[in-house]
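Protein chains: 2
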Amino acid sequence: MKKIDVVHFLLKNLSDVPQRETATAFAPTNIALCKYWGKRNQELNLPVTSSLSVSLNQKGAAVKLKINSRAHDVIFLNDQAVDLNSEFSQKLISFLNLFRAKQKWNVDIEIKSNIPIAAGLASSACGFASLVLALNELFQWNLSSEKLSILARLGSGSASRSIEHGFIEWHAGKEETGMDSYSKKLAAEWPELCVGLCIVNDQQKEISSREAMQRTIETSQLYSAWPEKVSHDLISLKEAIASHDFELLGRTAESNAIAMHATMMDAHPPIIYSSSKTLHMMQKIWELRAEGLSVFFTQDAGPNLKLLFLKKDEEVLKEKFSMMEIIEPFVMPACF
Amino acid sequence: MKKIDVVHFLLKNLSDVPQRETATAFAPTNIALCKYWGKRNQELNLPVTSSLSVSLNQKGAAVKLKINSRAHDVIFLNDQAVDLNSEFSQKLISFLNLFRAKQKWNVDIEIKSNIPIAAGLASSACGFASLVLALNELFQWNLSSEKLSILARLGSGSASRSIEHGFIEWHAGKEETGMDSYSKKLAAEWPELCVGLCIVNDQQKEISSREAMQRTIETSQLYSAWPEKVSHDLISLKEAIASHDFELLGRTAESNAIAMHATMMDAHPPIIYSSSKTLHMMQKIWELRAEGLSVFFTQDAGPNLKLLFLKKDEEVLKEKFSMMEIIEPFVMPACF
Chain A
1 MKKIDVVHFL LKNLSDVPQR ETATAFAPTN IALCKYWGKR NQELNLPVTS
51 SLSVSLNQKG AAVKLKINSR AHDVIFLNDQ AVDLNSEFSQ KLISFLNLFR
101 AKQKWNVDIE IKSNIPIAAG LASSACGFAS LVLALNELFQ WNLSSEKLSI
151 LARLGSGSAS RSIEHGFIEW HAGKEETGMD SYSKKLAAEW PELCVGLCIV
201 NDQQKEISSR EAMQRTIETS QLYSAWPEKV SHDLISLKEA IASHDFELLG
251 RTAESNAIAM HATMMDAHPP IIYSSSKTLH MMQKIWELRA EGLSVFFTQD
301 AGPNLKLLFL KKDEEVLKEK FSMMEIIEPF VMPACF
Chain B
1 MKKIDVVHFL LKNLSDVPQR ETATAFAPTN IALCKYWGKR NQELNLPVTS
51 SLSVSLNQKG AAVKLKINSR AHDVIFLNDQ AVDLNSEFSQ KLISFLNLFR
101 AKQKWNVDIE IKSNIPIAAG LASSACGFAS LVLALNELFQ WNLSSEKLSI
151 LARLGSGSAS RSIEHGFIEW HAGKEETGMD SYSKKLAAEW PELCVGLCIV
201 NDQQKEISSR EAMQRTIETS QLYSAWPEKV SHDLISLKEA IASHDFELLG
251 RTAESNAIAM HATMMDAHPP IIYSSSKTLH MMQKIWELRA EGLSVFFTQD
301 AGPNLKLLFL KKDEEVLKEK FSMMEIIEPF VMPACF
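So the sequence lines, in the order shown, correspond to chains A and B.
Read in order, the letters of the first sequence correspond to residues 1 to 336 in the working numbering.
Read in order, the letters of the second sequence correspond to residues 1 to 336 in the working numbering.
Excised from the complex, chain A in its bound form:
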């Protein structure tokens, strides 16, 4: 099954021409507490296991689509025109092509992202999610968030989890079509929860997470133990979220991230995203924890760490990690 078949199935009986001239949407990026690591279908970005994330509130991407009268799209990223032949543009354009099989239209796409691109902060997640939300607006489809998450997944797996705010579970699903592989928001909120972004290095990473994931699943022998670990971790995380058990949340998220990096290290050739700065920061976190501070980390396909802690410890941690940017996923920001 191809992406285009999924799109046709989902949009059956819905408008296939834009209903508006412009559309705007924002989608938050998300940090997985239980990682999406390994695909059972590369074309449709169907995962081996379910995963669970928390959306990062005001951190994400805003997209504005505006139908233009040119023979091609125009793409701006943070007010800079992007070369249409770049990999970035080609991904966007081929995604948009899924929605203009019938009628050819072109758009000016303005993307504003307030997170570093490709630094392991899921920039493609919020990028594709915001694009799908904007298309939903442009075409006036009025799709459910489950269906929007399926469309976003076709752009980038983790984009499936960026359609909504809050704690999000992406159900792996079993069907070959992936129609049961979508994200759902958990009911629980956690206003005291803080995520601290520690940017060790915001340079473009050398190995994409897509490539790292594929190499791991193909060559790591330890990966065989990953799905079982994920099912345990998902149960622990949902229990932690339901009962606001922060120790359980932090411990599980940290252990899940470390296990993911362990499977990468076991790939051939090995993949190590951590730099010596990353290692030092981990040591510092473990020392603080040994001193009684309840702080944990998670790490994605890059050297940056994301700290997990509660609001009551914010001031202490700000002192320890002066460069850290703090997000409160469940607190409405003063200015969006």
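Think of the hints as simulated: they come from the structure by calculation, not from any bench.
Incorrect hints may appear among the rest.
[Unchecked claim] Quick list of in silico lysine to aspartate or glutamate cross-link-like pairs, DMTMM-like style, CA-CA up to 20 Å:
1. K102/A with E137/A
2. K147/B with D5/B
3. K311/A with E325/A
4. K284/A with E206/B
5. K39/B with E228/B
6. K284/B with E206/A
Remember, it's a predicted structure, so these values are computed and weren't measured experimentally.
Got chain A; can you put chain B on it based on the hints?
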């Protein structure tokens, strides 16, 4: 079953009083190409899987035992008296006690080691192996190397592989008594093989390999995939050794070490022996390999790397790693 029962069983009908006044022995340390990682029996140091090592020729420990007329043992390590209450002495003394249940005798023990103690260079391996070899001499037991390797294992698991020079396979065995868990030398030699010791840090490590192993087996979920990986790696290594396929040897040994560290990283709390120097050295090795140089590494429970390469590349590698000490496991050293 207790250690003492194994000793009684093995030494049945053999002398239980020293036959000489003094005895001296040397045992080489060994570097595992397929690691011993996880015990199925803590008391007897019985391993979950088989393992395979190469002995490091003149690098190891020499022991001299001399019956004394005191009421206690005396221990010298590299010409320095060692506190009898130290952990080091207590381990030695309780090991010796296994052999003086019947008659109480005391010894001066002089140990000379030419490798850094507890820096992930298997100092306890050659220590206990040389002690067992010296006891074999002192009591005139004339035991087979298989039986000596069983006795050495009671002191430290990897000591089982230090009774002989060359490539050594330690068979995990299945019996509860461990009588089938001993080491055997492989017939093959490989005179061109070089091992380069790169000492990043020769300080005493914070977490003993015994503790790291136990924590991993008890808490790492990825560890469940380790035994299967080991059986594949053992087959590859024996094939590589038999056919002198250096690429296969190096690739397998490196991958085995990385996987072991990956399981440790997945333990709770995580164990990371690599320092930033270790990471930089790994990167350097991978770069050299990308440039066509056939060099690999292995890493034990410490930050130091051991390089694997062939004699023909020695000069180039000496330039790249100026601090490296080179061992040729199959070439008789000029001065032992």
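Evaluation of the provided hints:
no. : hint               : in the structure
1   : K102/A with E137/A : holds (18 Å)
2   : K147/B with D5/B   : holds (14 Å)
3   : K311/A with E325/A : holds (13 Å)
4   : K284/A with E206/B : holds (16 Å)
5   : K39/B with E228/B  : holds (15 Å)
6   : K284/B with E206/A : holds (16 Å)
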